[in-house]
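Chemist: Keeping the supplied structure of chain A fixed, place chain B upon it in accordance with the hints.
Line by line, the protein sequences are chains A and B.
With the working numbering applied, the first sequence corresponds to residues 17 to 188, in that order.
With the working numbering applied, the second sequence corresponds to residues 17 to 188, in that order.
These are computed hints drawn from the structure, not numbers from a lab.
A portion of the hints provided could be inaccurate.
Identical copies look the same in the list; a pair holds intra-copy or inter-copy alike.
[To be verified] Keeping only pairs whose Cα atoms sit at most 30 Å apart, straight-line, the calculated BS3-like set for lysine-lysine is:
{"no.": "1", "residue 1": "Lys38", "residue 2": "Lys18"}
{"no.": "2", "residue 1": "Lys87", "residue 2": "Lys126"}
{"no.": "3", "residue 1": "Lys27", "residue 2": "Lys87"}
{"no.": "4", "residue 1": "Lys103", "residue 2": "Lys38"}
{"no.": "5", "residue 1": "Lys27", "residue 2": "Lys126"}
{"no.": "6", "residue 1": "Lys27", "residue 2": "Lys154"}
{"no.": "7", "residue 1": "Lys27", "residue 2": "Lys114"}
{"no.": "8", "residue 1": "Lys27", "residue 2": "Lys38"}
{"no.": "9", "residue 1": "Lys122", "residue 2": "Lys18"}
{"no.": "10", "residue 1": "Lys38", "residue 2": "Lys154"}
{"no.": "11", "residue 1": "Lys103", "residue 2": "Lys126"}
All of these numbers come straight from a predicted model, not from anything done at the bench.
There are 2 protein chains.
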Amino acid sequence: MKLGIAIYPPKDIQDIANSFRKRYDPRYSLIAPHITIKEAFEVAEDQLPEIVQYLRQVAQDTEPIPLHIYKVSHFHPTNNVLYLAIKEEPRLTALHHKLHEPPLLKHEHKYPFVPHITIGQEMSDDELHDVYGRLRMKSFEFSFTATRFHLLYQLENETWTTYETFLLGQQG
Amino acid sequence: MKLGIAIYPPKDIQDIANSFRKRYDPRYSLIAPHITIKEAFEVAEDQLPEIVQYLRQVAQDTEPIPLHIYKVSHFHPTNNVLYLAIKEEPRLTALHHKLHEPPLLKHEHKYPFVPHITIGQEMSDDELHDVYGRLRMKSFEFSFTATRFHLLYQLENETWTTYETFLLGQQG
Chain A
17 MKLGIAIYPP KDIQDIANSF RKRYDPRYSL IAPHITIKEA FEVAEDQLPE IVQYLRQVAQ
77 DTEPIPLHIY KVSHFHPTNN VLYLAIKEEP RLTALHHKLH EPPLLKHEHK YPFVPHITIG
137 QEMSDDELHD VYGRLRMKSF EFSFTATRFH LLYQLENETW TTYETFLLGQ QG
Chain B
17 MKLGIAIYPP KDIQDIANSF RKRYDPRYSL IAPHITIKEA FEVAEDQLPE IVQYLRQVAQ
77 DTEPIPLHIY KVSHFHPTNN VLYLAIKEEP RLTALHHKLH EPPLLKHEHK YPFVPHITIG
137 QEMSDDELHD VYGRLRMKSF EFSFTATRFH LLYQLENETW TTYETFLLGQ QG
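Chain A on its own, in the form it takes in the complex (with noise of 0.2 Å):
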């Protein structure tokens, strides 16, 4: 099966992230919008359990994590891929590293880690600079603490639906 593990920013920003999605995503129903701390991975159905294991230690060690939106940005030329950008934050970046570290969950990277929740993929050169070109003039300053982080499943029509949410720290 393919997980994904991710945070999802509260409600008011999910909305705002989604009035730009529903015109500029074409993948915005699968998913709602959200931080990817781990790409997508295939493991096998009986590794899941074992993998629930050690996601429930490392957010038991992992305070909340403030985060912080500062900006619109993109990734052309690797990618038409336009996103509210989040301020490096070292305790986040700790988190990517230990859903990357055991055995069972080193996976390659296909990029860097640049947390960003997209708003906008798949566009055309010049959509991607017309757009960018009006949203950049705009202030896109949202602050918000991550209290908790979502294991993700993907169905056979791409949608990604939740199988455990993870409560950073001892919220328990």
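Modeler: What follows is chain B alone, placed relative to chain A:
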């Protein structure tokens, strides 16, 4: 904010449900296939911690629930909804009651609790009749054990995001 509580069946059952939903359910892309155990209800955001606390207690006090899908059925003429019917299971009914008990969660039921997974809705009488006529000849028998439920919240675009999963029994 608008909340709801649901159980997701295992991936293979979600995939089967989606094979019908993509044709017969215009609300297909808003949520993964699920069993609603508490219909959408409106709460003030500051009530969320108290609700979560209560749900944790309920989950801990509820053993995993064996569920059995046994046929295709429909709610016509009340509603042109086509669904996978789930055998009445006292532990599921008890969970449903607990999620409507305390003052905070006392909301009117629109309908009596008939556990089901919707696979079609907003169908015309003719379409419902045709599709049901074809599907009722087929066998739909699946068993699984519900080990968790999900607290969801609705975004402005009417999609649902998981807020937190609650594991049944002492699994944690």
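Chemist: Where does the structure disagree with the numbered hints, that is, which hint numbers, in rising order?
Modeler: none
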